[in-house]
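Asker: All chains, full assembly: derive it from the sequences and hints.
The listed protein sequences derive, respectively, from chains R and S.
Just so we're aligned, residue 1 is where the first sequence starts under our numbering, counting upward by one.
Just so we're aligned, residue 1001 is where the second sequence starts under our numbering, counting upward by one.
FYI, nobody ran anything at the bench for these hints, they're computed from the structure.
You can take every hint at face value.
Taking CB as the label site, the calculated pair distances span: (1) S:L1181 with R:F744: 47 to 57 Å; (2) R:F744 with S:H1313: 28 to 38 Å; (3) S:D1217 with R:F649: 54 to 64 Å; (4) S:A1173 with R:S619: 49 to 59 Å; (5) R:E274 with S:S1169: 47 to 57 Å; (6) R:P789 with S:R1201: 16 to 26 Å; (7) S:S1002 with R:E818: 15 to 25 Å.
Below, computed lysine-lysine pairings styled on DSS-like, alpha-carbon distance capped at 27 Å: (8) S:K1277 with R:K776; (9) R:K756 with S:K1277; (10) R:K776 with S:K1257; (11) S:K1248 with R:K776; (12) R:K756 with S:K1079.
Residues from chain R that face chain S, not an exhaustive set, calculated with beta carbons under 7 Å: (13) I694; (14) D698; (15) N702; (16) K753; (17) Q754; (18) T766; (19) S773; (20) A786; (21) E812; (22) G827; (23) V828.
Predicted model, so just to flag it, every value in this text is computed and none were measured.
We treat Cβ as the ideally placed atom computed from N, Cα and C, and that holds for glycine.
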Amino acid sequence: MPHKSTKPAGTDIRAFFGPGQSAQSSSSSRSKTSSGQVSSSKSAAPSSGTKHEVIEIDSDEELSAHKKIGQKKPSPMPKSKSQPSSKTDSDTRQPSKSTGKSFKRKKNTVLLSSDDEDETPPPKKKTAVATSSSVNPRPRPSTIKDDSDFDPMDVDDRDFPPTNSVKSTSKKTATPKVDKSDSKVKQSQDKTQDVAQGAKKSNWAAKLARGGPSAPGSKEVPDGEPDCLAGLSFVFTGELSSFSREEATDIAKRFGGRVVGQPSSKTNYVVLGEDAGPAKLRAIEKHGLKTLDEDAFLNLIATRKGPGVNGKGLDEKTRKKMEKEQEAIKSAAQEMDKREREAAKQVRTSEGHTNAKSTDPSAQLWTTRYAPQSLKEICGNKAQVEKLEQWLKDWSQSLKANFKKPGKNGMNMYRAVLISGSPGIGKTTSAHLCAKLAGFTPIELNASDTRSKKLVENGMNINNTSLDGYITGRSANHISGVTLTDRTCLIMDEVDGMSAGDRGGVGALNALIKKTKIPIICIANDRNAQKLKPLMGTTFNLTFQKPQATTIRSRILSIVYKEKMKIPANVVDQLISGAQSDIRQVLNMLSTWKLSNDSMSFDESKDLTKMNEKYAILSPFDITTKMLGPYLFSKTSRETLGQKMDYYFQDHSFIPLFIQENYLKSQPAKIRDLDGPEKILTQLKLMDEAASSISDADLVDNMIHGPEQHWSLMPLHAVCSTVRPASCVYGAGAHYGGPNSLSFPQWLGQNSKQNKLSRQLGDVQTHIRLKVSADKPEIRQSYIPALHPYIVQPLVDEGTSAIADVIQTMDEYYLSREDWDTIVELGVDSRKDDLILKKIPTAVKTSFTRKYNSSDHPIPFHKAQDLGKAPKKLAAEAVPDLEEAFDLDEVVEEASDDERNEKDTDIDNDKLIKAPKKKGIVKAASAKTANAKATKGKK
Amino acid sequence: MSLWVDQYRPRLLDALHYHRDLSSRLKSLAACGDFPHMLFYGPSGAGKKTRITCTLRELFGPGVEKLKIDQRIFLSPSKRKLEVNIVQSNYHIEITPSEAGNYDRLVIQELLKEIAQTQQVDLNAKQRFKVVIINEADSLSRDAQAALRRTMEKYMSNMRIILCANSTSRLIAPIKSRCLLIRVAAPNRKEMQDVLEHVSRRAGFDLPTEAADKIIDDSNGNLRKAILCLEALKMQSPDLTGPLTIAKPDWETYCQKVADLIISEQSPARVMEVRQKFYELLSHCIPPTVILKTVADRVVERVDETIKADVMHWAAVYEVRMRIGSKKIYHLEAWVVKVMSLYKHFFYDMDLSGFD
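Answerer: Laid out in structure tokens, this is it:
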């Protein structure tokens, strides 16, 4: 597996800096060089960068040359490595506007470059231009090796004046603007090295020509200005050659860009990778959007001017918008400040009087301190909150109307509301706030209170039987220190947390809801929990959605402002999306962060969310899509083996089954570039590899779940059953819907079918055991095909007239009517049960059943109830519905002699004798005759 | 009426048609008082069970033919109910412990102790011991076999055990050493022809030699199959002359269809189709090893000489894996993919060395 060899190297580097930083940290190398040695170039660049002019490019060669320079900018850096310690020291001491974060990473940079040199071999380079067909070698700038490989082509650069980036809608790729002085310095250095190591170049070129694979991490993220992409929206489609999708969107976001899923007319740029989705391409065409390839995208970052301190670089509209936002944030922060001061004052004044409950806001958790105080401040779920408020406002009328009038939302029929939604999105806060604003006193009972049936009943005095109030002299109607009045609202928080200790709590709550005279708000995370079934009918369901990042952002930003922290909007966005819109978590993260730092960079926010990541459980379908999909194993994927194995451990019994069921449904990415026979052969080989790995996995599974119980082999099973097969056949194709849609593992159904039929076959074997000595497989393989012409075929060929013969043969072999069904069911191919049963007319079938049931049949058999006890009775013949009906055609076997002597008193208890039950099937007429016979017999 | 196999089954050792020296040895064993534990083994359809019943009859007289079936319920440690059917006469008891699956040890322990601890009550019985016949002894789990070891010695006075198996390879050595091993080989052509002629004489017709040859060819040493085949053939064309085609059982034709599918196309879609068919066969109680063998036979028939050996090699590899593993379909499928890949590579005349 070629990708495996490259991946660990990439991982190691990242591990060095913590996840997700490799690109960024190496790019920061540039910031160092530019801030230090070539600061003049930096300052010069923006001035020329403002005018974007399109230049025509004649040949690919020139193009690549330009590109090289663009990427090559920081090449002097490795030189400084000769005395890294002193360099870094001087750098860190240097006052720089890029604050503390860049200092931190500078140290890393030095380490990285040396690290890179050791661990990433030269071939890990990348063809530069994705859109153009020619292969342009473009070495990696941050390593010494690359510098040494530098092309003489660079000399050509001098002919070109510093150009601005070329942004084109068609195939033209952009060239970065390059400062002349910078390139000059670099080139002179490069040249000397070039001469020295010219021999190595050819070697490198040869390697490139051989493979030229897309290599992860082969491109540097340019050190653009902060927020240089602000106000732009991007759509990514297809697979970029050096970044995974996630990384690419991160880059865009880091520089303040907005990343959306689908292209629309408002999209500024579409970044096209390999195998772009056709739907997106159509949309691009339709809206006439600008497209960028990977390099052009990077160049855009490198060249675009950021908004600066006061948003000069942006157009009027965006700036206005930003200003407005800033204004709103400031005013909100001021509001908060004011409120806090008031509260503090209150504390101070109340201190003298009583021991009031209100505390100093600065001592509170941020979540309580910045809890919304008005409906306006609640983030997201506006409609739901409004509904809730309306319902509370209408409560007294609804009560008067005895909950007959539905009201505007249809809510007024309900005495209770069930709010559901994921944690941290403001369910409890909204409930409290709405209750307060509607003039109710909220009483909250949550999982910390015991809420068993008894306590709920007694506490709420549902049955109104308690005289406690009179006897103890205090009101019985009070819970948790709050007196119940008609202006009280009960909030039952975390109702899905009513567990073992709260036996019957939900039932009691439901009873309470049915007759309550105060509004009850129940809050749960999962509305569909089995436990909450009783509440479904009695409560109005309000589902809170996770709010969009944009709705939370301003609120968080104002809090951040208020706390005098410096965190840009894109970082906040990252925090929010990382916490999956859990406002509480974001606030907690920020408050913790505040203890040590006042600002946060994009990467820090990423780490922070990663640390606080909620462990999301995926469904087996999602995992299978992910495993077999084109991204998890692609070269740009950053997931380690351990992370891939974690998918298996999400559901270790199910995932292997899913993989086995679906591994043939993808179009393997590994054969994408092949053609003709080679493609077919490689595909078969990959399938073979996957299938034999799955076969290995079964052996491992047997070691784990067999008698030996080697549970320590679970990771091996993970690899054999899931990771390795997926690594062979991953690729596009296996998705929901379509001809190759993922399906649920057949194995489960087929296995239970096998067990069922095997059990039935076992019954047949026992029944014919007295005649036939064969074992089960032998009966299936020889006897059933042999018996078929005698007991099934005649019914097909001759119909009703054959019934008597068939029954006789069956009796000969002690076969029951159910056994006949089994024999038919066990047929395959031309004797498949569906085909056979279709051929037998319904009339024949019913008359067969009737005739079989109307006669009695030998049963070689009796059943004991328990081990150790002597068998209670020996059932002889199955008698249809009465014992006396012996005068019918009785077939008595000599083998069952002794059984016949036994009195079959309790036939009804005998499970095996089904005859009486069969009467239901038989028509009423036959039942009548049977009854007549019975009476006759009795006489 | 019964099928001929059952109708004309010999009931006495003297009436057996082949392995006469074996019959006489069994007879003398039954005559002397010291009857050992025995292990009958041989391929199916060779006449193991028939010989066992004949021996029993020799031991106890016609009373052993009065059979009844008893269903016992055992409780597993996890309180699951296990139903086991027991065929018994007054003198012997016959069990198939593999019915209880993983709990066969329990069945062996409980049942054998129960039988061993009760003396023969019938004073008229010829022997002082009862006989326990254990069918499908080669599918007994190791635990169950271990449970058998001590019991076989301890209760020798009350009980003899007759094990019946297809091969001894899965039986542990201590068991084998405690038994008298009796191999019942498959009959040879001559012997089969004798039996077939005997059956047709009893049924009242003459069997032409060509028909007999054809049946013998087809049945592959399985006499049960041969007689069933004879009957089917007789039913098909009563005079048994002219060109005869022996109808294959449903599952066999189905397996051949699968083999044809493998040969005719090699693609993921085809593998999934084959998987479906395998599921069908498996769920209809065709043992996976039989499926693999039948399909492989057919595939080998149809492929080129050069890859025949490889196909069989991989069939053997995956059969072993199938026996060790639990999800048979995985191994069947792996074999199919392997064969497809082999076939395709051969088809494009590619280098096959990568497959070793």
